[in-house]
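Chain by chain, the residues run as shown.
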Amino acid sequence: MKNFEQLTDDLAPKKFGLYGKLWVGFLVIIILGGVYAYYQQFTKGLAITGMRDYALWGIYISNFVFFVAISLVGSLITAILRLSGVTWATPLTRIAEIIAVAAIIMGGLTIIIDMGRPDRIYNLFLHGRLQSPIVWDVIVVTTYLTISILLLVFPLLPDFHILSKKFKNNKKLSNIYSKLSLNWDGNFYQRRIYNWSIRTLSVLIIPVAFAIHTVTAWLFAATYRPGWDSSNFGPYFIAGAFVAGAGGVICVMYLLRKFRHLEDYITDYHFDKMGKLLVLLILVYIYFNINEYLVPLLKNTEKEAEHLKSLFVGEQSFLFWTVIFGGLVLPATALLFKRMRKPFPLFIIGLIVVIGAWWKRFIIVTPTLLHPFLPIQGVPESWRHYTPTHLEWLVTWGTLAGAMLIVTILVRYVPVIPIHETAEERGIVEPRNTERNEAK
Amino acid sequence: MNQEIQKEMKQNRIRNSISQLLCILFIVFTNSLLQAQTKQQKARLSVSYYKEGNLNLLKASAIYKDETQFKPAQGLNLNAYQVFENDSLVLLGTMMVNAEGTAQIDVSKVFENDLLQYDFEVEHVGSEKYKKVSGDLSLKVAHLASELKPVDENYFIEAKLTDANNEPIPDTELKVKLQRFFSPLTVGTELYFTDENGTINVPITTIMPGMEGKLNYEVILQDSDDYGTIKSVIQTTIGKPIKDLSTFDQRTMWSPPRKAPWVVLIVPNILIFAVWLTLIILVINLFRISKHKNKSYEKH
Numbered sequence: 001m002k003n004f005e006q007l008t009d010d011l012a013p014k015k016f017g018l019y020g021k022l023w024v025g026f027l028v029i030i031i032l033g034g035v036y037a038y039y040q041q042f043t044k045g046l047a048i049t050g051m052r053d054y055a056l057w058g059i060y061i062s063n064f065v066f067f068v069a070i071s072l073v074g075s076l077i078t079a080i081l082r083l084s085g086v087t088w089a090t091p092l093t094r095i096a097e098i099i100a101v102a103a104i105i106m107g108g109l110t111i112i113i114d115m116g117r118p119d120r121i122y123n124l125f126l127h128g129r130l131q132s133p134i135v136w137d138v139i140v141v142t143t144y145l146t147i148s149i150l151l152l153v154f155p156l157l158p159d160f161h162i163l164s165k166k167f168k169n170n171k172k173l174s175n176i177y178s179k180l181s182l183n184w185d186g187n188f189y190q191r192r193i194y195n196w197s198i199r200t201l202s203v204l205i206i207p208v209a210f211a212i213h214t215v216t217a218w219l220f221a222a223t224y225r226p227g228w229d230s231s232n233f234g235p236y237f238i239a240g241a242f243v244a245g246a247g248g249v250i251c252v253m254y255l256l257r258k259f260r261h262l263e264d265y266i267t268d269y270h271f272d273k274m275g276k277l278l279v280l281l282i283l284v285y286i287y288f289n290i291n292e293y294l295v296p297l298l299k300n301t302e303k304e305a306e307h308l309k310s311l312f313v314g315e316q317s318f319l320f321w322t323v324i325f326g327g328l329v330l331p332a333t334a335l336l337f338k339r340m341r342k343p344f345p346l347f348i349i350g351l352i353v354v355i356g357a358w359w360k361r362f363i364i365v366t367p368t369l370l371h372p373f374l375p376i377q378g379v380p381e382s383w384r385h386y387t388p389t390h391l392e393w394l395v396t397w398g399t400l401a402g403a404m405l406i407v408t409i410l411v412r413y414v415p416v417i418p419i420h421e422t423a424e425e426r427g428i429v430e431p432r433n434t435e436r437n438e439a440k
Numbered sequence: 001m002n003q004e005i006q007k008e009m010k011q012n013r014i015r016n017s018i019s020q021l022l023c024i025l026f027i028v029f030t031n032s033l034l035q036a037q038t039k040q041q042k043a044r045l046s047v048s049y050y051k052e053g054n055l056n057l058l059k060a061s062a063i064y065k066d067e068t069q070f071k072p073a074q075g076l077n078l079n080a081y082q083v084f085e086n087d088s089l090v091l092l093g094t095m096m097v098n099a100e101g102t103a104q105i106d107v108s109k110v111f112e113n114d115l116l117q118y119d120f121e122v123e124h125v126g127s128e129k130y131k132k133v134s135g136d137l138s139l140k141v142a143h144l145a146s147e148l149k150p151v152d153e154n155y156f157i158e159a160k161l162t163d164a165n166n167e168p169i170p171d172t173e174l175k176v177k178l179q180r181f182f183s184p185l186t187v188g189t190e191l192y193f194t195d196e197n198g199t200i201n202v203p204i205t206t207i208m209p210g211m212e213g214k215l216n217y218e219v220i221l222q223d224s225d226d227y228g229t230i231k232s233v234i235q236t237t238i239g240k241p242i243k244d245l246s247t248f249d250q251r252t253m254w255s256p257p258r259k260a261p262w263v264v265l266i267v268p269n270i271l272i273f274a275v276w277l278t279l280i281i282l283v284i285n286l287f288r289i290s291k292h293k294n295k296s297y298e299k300h
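Listed in order, the protein sequences are those of chains A and B. Counting from 1, one number per residue, gives the positions in the first sequence under my numbering. Counting from 1, one number per residue, gives the positions in the second sequence under my numbering.
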């Protein structure tokens, strides 16, 4: 069994190698491209996007819903599994928390990006209606971001303390970690406050996480539009969010295991468990999808029929069936086989699921808008279709790269696997405690 | 050792290649930006006139050709002048082209002079982005009067088009429309031609619904080469009355913020307060942890 020193050596943050630096450079270039595109949008207005009077929500809102969805994984792994007494997920909690924080930060930013006049955002606070799901969304996104940050910070305190001692030869780094640890030395009082805080956060994040995605679903479901007018939308969104989030965690855990050599901590067992969890989540999501499409198909009202026709056999059909089969049915089928729950196949499946999840949001958001109840006479034909512009894509890629950069920076400076919790679970005693016990 | 040197050399090669690529990208990017900044565009300018009631507008439309398509010449500053017989110019004011490529200026005061014909010139004197450009407009004065006439149980719209001397203008196209929220609804046929008396008579065959019976009809002389665009609006109450079902004064989910239902004001605020109070306590806990340094490891 590894001793404490080996454990901290394995799990302490490490400098990036060449590939790490290249990756950061790549992300920074994409972000700069996004910033340039957004500057164009800021100065020239939303006219530079493909959005018009019909498709007034495009890939920005799909992207926002995707970010909110993927951020829910923080509550799934950290809170739901932890409170259920699932111990195998411990090495994955920090990864889930990091993804959640990165996603919700960029989700909030994406909403501002979608605004034609972001300089007028203060009007939302001055004149916002508490009856409006948009105001609820602003409140709940802010709340969830705060909880996610706290849920990332609290478990980091003991780890920062451990790192401050580990890097004692590097005084500057040691001081930074020491300050970040908030004078943590693991005494009784600190532990009591720490445990209460983590328990409270773990409980608090669940209703808030459910609220954030339910409210996001209500942004759509509170209208009468075909494809959105559903009482099922809240749970449908949450089920989809867990799928996207679990896929995201699988991708990140594979990459970290490979590049940080964490095979002793993120094992095949963890991949197998995550694979099984992903199957369950996908099956639940498929169930909700059947509800979402079958019931309107049976009712077959004029506008619903028009909308469903475009999805099933029309303009959006290729994307729709690719997402349903490629992003859900095939991954779920593949994951039933044990060999597909091995790290690399599961990574590929996770990647497909995440990409499918992004396009699924697009399928939910845009086609509905192209079938309005009140068509305007004589609109240009181009308004009846939505094609994102290059600048729009650049902004969107910029936000996705931004989220990945936040994950990358956090991976660089914080332990991706909780050192303190892992040591406790493995019964490895921190040397200082041993000395103190011996002295006692 | 050799392997390490080779590895380092390989890394250096990759670094150099990336640096070169970034430099090239930077040069291309800045060069294209500089080119975009320095290239002066040639705008195409057109001038028109719009009259409705006592309002007289001089309108300008400006576009320029980008590499592939026409775009609005946004930000183009224009001076509007009235041109007199001796070619002297009197500045009426300035206007700026908006994102849609249009600009307008109220020239109602000019028409107080009671002339038969007016000449205007609109000019951009040249700027960093656009070359010098100008456009002119020569305009004869016309008046369009319209009214609603009940005949038996039917209604007619009668409109008369006259020139500055009050002489009728015959054989001229007029449109009659009913104003709506999105776009006006054509009444009868698309076009009516004035007779020798300069008049048209249009029967209203279908009475549309309107709030408290209010229906506004408009008669338009559109884009005439001689007279510009002239619109005359008739406000009537002949529509089928619609009962106002507004719940504006009630506390509903779609009412203004101050009239939100009490339950919506109370319950979410209690929840927000409870959650954020907990979060504040949790943030305070971070400070409490910081303050409890070096205390005993055992419970007292």
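Hints were generated in silico from the structure; no laboratory data involved. Check each hint, because a few of them may be wrong.
In silico DSSO-like cross-links for lysine-lysine, where the CA-CA straight-line distance does not exceed 27 Å [stated by the list, open to error]:
{"hint": "1", "chain 1": "B", "residue 1": "131", "chain 2": "A", "residue 2": "44"}
{"hint": "2", "chain 1": "B", "residue 1": "140", "chain 2": "A", "residue 2": "44"}
{"hint": "3", "chain 1": "B", "residue 1": "140", "chain 2": "B", "residue 2": "59"}
{"hint": "4", "chain 1": "B", "residue 1": "59", "chain 2": "A", "residue 2": "44"}
{"hint": "5", "chain 1": "B", "residue 1": "7", "chain 2": "A", "residue 2": "21"}
{"hint": "6", "chain 1": "B", "residue 1": "39", "chain 2": "A", "residue 2": "44"}
{"hint": "7", "chain 1": "B", "residue 1": "65", "chain 2": "B", "residue 2": "42"}
{"hint": "8", "chain 1": "A", "residue 1": "44", "chain 2": "B", "residue 2": "132"}
{"hint": "9", "chain 1": "B", "residue 1": "42", "chain 2": "B", "residue 2": "71"}
{"hint": "10", "chain 1": "B", "residue 1": "10", "chain 2": "A", "residue 2": "168"}
{"hint": "11", "chain 1": "B", "residue 1": "140", "chain 2": "A", "residue 2": "21"}
{"hint": "12", "chain 1": "A", "residue 1": "165", "chain 2": "B", "residue 2": "42"}
{"hint": "13", "chain 1": "B", "residue 1": "291", "chain 2": "A", "residue 2": "15"}
{"hint": "14", "chain 1": "A", "residue 1": "179", "chain 2": "B", "residue 2": "293"}
{"hint": "15", "chain 1": "B", "residue 1": "293", "chain 2": "A", "residue 2": "165"}
{"hint": "16", "chain 1": "B", "residue 1": "129", "chain 2": "A", "residue 2": "44"}
{"hint": "17", "chain 1": "B", "residue 1": "132", "chain 2": "A", "residue 2": "172"}
{"hint": "18", "chain 1": "A", "residue 1": "179", "chain 2": "B", "residue 2": "243"}
{"hint": "19", "chain 1": "A", "residue 1": "166", "chain 2": "B", "residue 2": "291"}
{"hint": "20", "chain 1": "A", "residue 1": "44", "chain 2": "B", "residue 2": "65"}
{"hint": "21", "chain 1": "B", "residue 1": "293", "chain 2": "A", "residue 2": "171"}
{"hint": "22", "chain 1": "B", "residue 1": "293", "chain 2": "A", "residue 2": "172"}
{"hint": "23", "chain 1": "B", "residue 1": "243", "chain 2": "B", "residue 2": "259"}
{"hint": "24", "chain 1": "B", "residue 1": "7", "chain 2": "A", "residue 2": "258"}
{"hint": "25", "chain 1": "A", "residue 1": "258", "chain 2": "B", "residue 2": "291"}
Okay, the hints, checked on the actual structure:
1. With a C-alpha separation of about 21 Å, the suggested pair residue 131(B) and residue 44(A) falls inside the 27 Å cut-off, and the hint holds.
2. For a cut-off of 27 Å, the pair hint linking residue 140(B) to residue 44(A) is broken: about 38 Å separates their Cα positions.
3. A hinted pair counts as satisfied when its Cα atoms are at most 27 Å apart, and residue 140(B) with residue 59(B) qualifies at roughly 16 Å.
4. Pair hint residue 59(B) plus residue 44(A) holds up; C-alpha atoms about 23 Å apart against a cutoff of 27 Å.
5. Distance restraint check for residue 7(B) and residue 21(A): the Cα-Cα separation of roughly 16 Å lies within the 27 Å cut-off, and the hinted pair is therefore satisfied.
6. Of the pairs offered as hints, the one joining residue 39(B) and residue 44(A) holds, with about 19 Å between alpha carbons and a cut-off of 27 Å not exceeded.
7. Taking the CA atoms of residue 65(B) and residue 42(B), the gap is near 8 Å; set against the 27 Å cutoff, the hint holds.
8. Distance restraint check for residue 44(A) and residue 132(B): the Cα-Cα separation of roughly 23 Å lies within the 27 Å cut-off, and the hinted pair is therefore satisfied.
9. Using a Cα cut-off of 27 Å, the hinted pair residue 42(B) and residue 71(B) holds, with the two alpha carbons roughly 11 Å apart.
10. Proposed proximity of residue 10(B) and residue 168(A) is contradicted: the alpha carbons are some 33 Å apart, above 27 Å.
11. Using a Cα cut-off of 27 Å, the hinted pair residue 140(B) and residue 21(A) is violated, with the two alpha carbons roughly 72 Å apart.
12. Simply put, residue 165(A) and residue 42(B) have alpha-carbon atoms about 68 Å apart, too far for the 27 Å limit, and the pair is violated.
13. The straight-line distance between the Cα atoms of residue 291(B) and residue 15(A) is roughly 32 Å, outside the 27 Å bound, and the hint therefore fails.
14. Distance check on the hinted pair: residue 179(A) and residue 293(B) sit about 12 Å apart at the alpha-carbon level, within 27 Å; holds.
15. Distance check on the hinted pair: residue 293(B) and residue 165(A) sit about 16 Å apart at the alpha-carbon level, within 27 Å; holds.
16. About 16 Å separates the Cα atoms of residue 129(B) and residue 44(A), which keeps this hinted pair within 27 Å; it holds.
17. A distance of roughly 62 Å separates the Cα atoms of residue 132(B) and residue 172(A); the hinted pair therefore is violated under the 27 Å criterion.
18. Of the pairs offered as hints, the one joining residue 179(A) and residue 243(B) is violated, with about 69 Å between alpha carbons and a cut-off of 27 Å exceeded.
19. For the suggested pair residue 166(A) and residue 291(B), the alpha carbons sit about 23 Å apart, so the restraint of at most 27 Å is met.
20. With a C-alpha separation of about 17 Å, the suggested pair residue 44(A) and residue 65(B) falls inside the 27 Å cut-off, and the hint holds.
21. Between residue 293(B) and residue 171(A), the direct Cα distance comes to roughly 20 Å. Compliance with the 27 Å bound is thereby established for this hinted pair.
22. The suggested pairing of residue 293(B) with residue 172(A) holds, with an alpha-carbon distance near 21 Å, which does not exceed 27 Å.
23. The straight-line distance between the Cα atoms of residue 243(B) and residue 259(B) is roughly 22 Å, inside the 27 Å bound, and the hint therefore holds.
24. Between residue 7(B) and residue 258(A), the direct Cα distance comes to roughly 20 Å. Compliance with the 27 Å bound is thereby established for this hinted pair.
25. With a C-alpha separation of about 40 Å, the suggested pairing of residue 258(A) with residue 291(B) is violated against the 27 Å cut-off.
In the structure shown, a violation is registered for the earlier hints numbered 2, 10, 11, 12, 13, 17, 18, 25, in ascending order.
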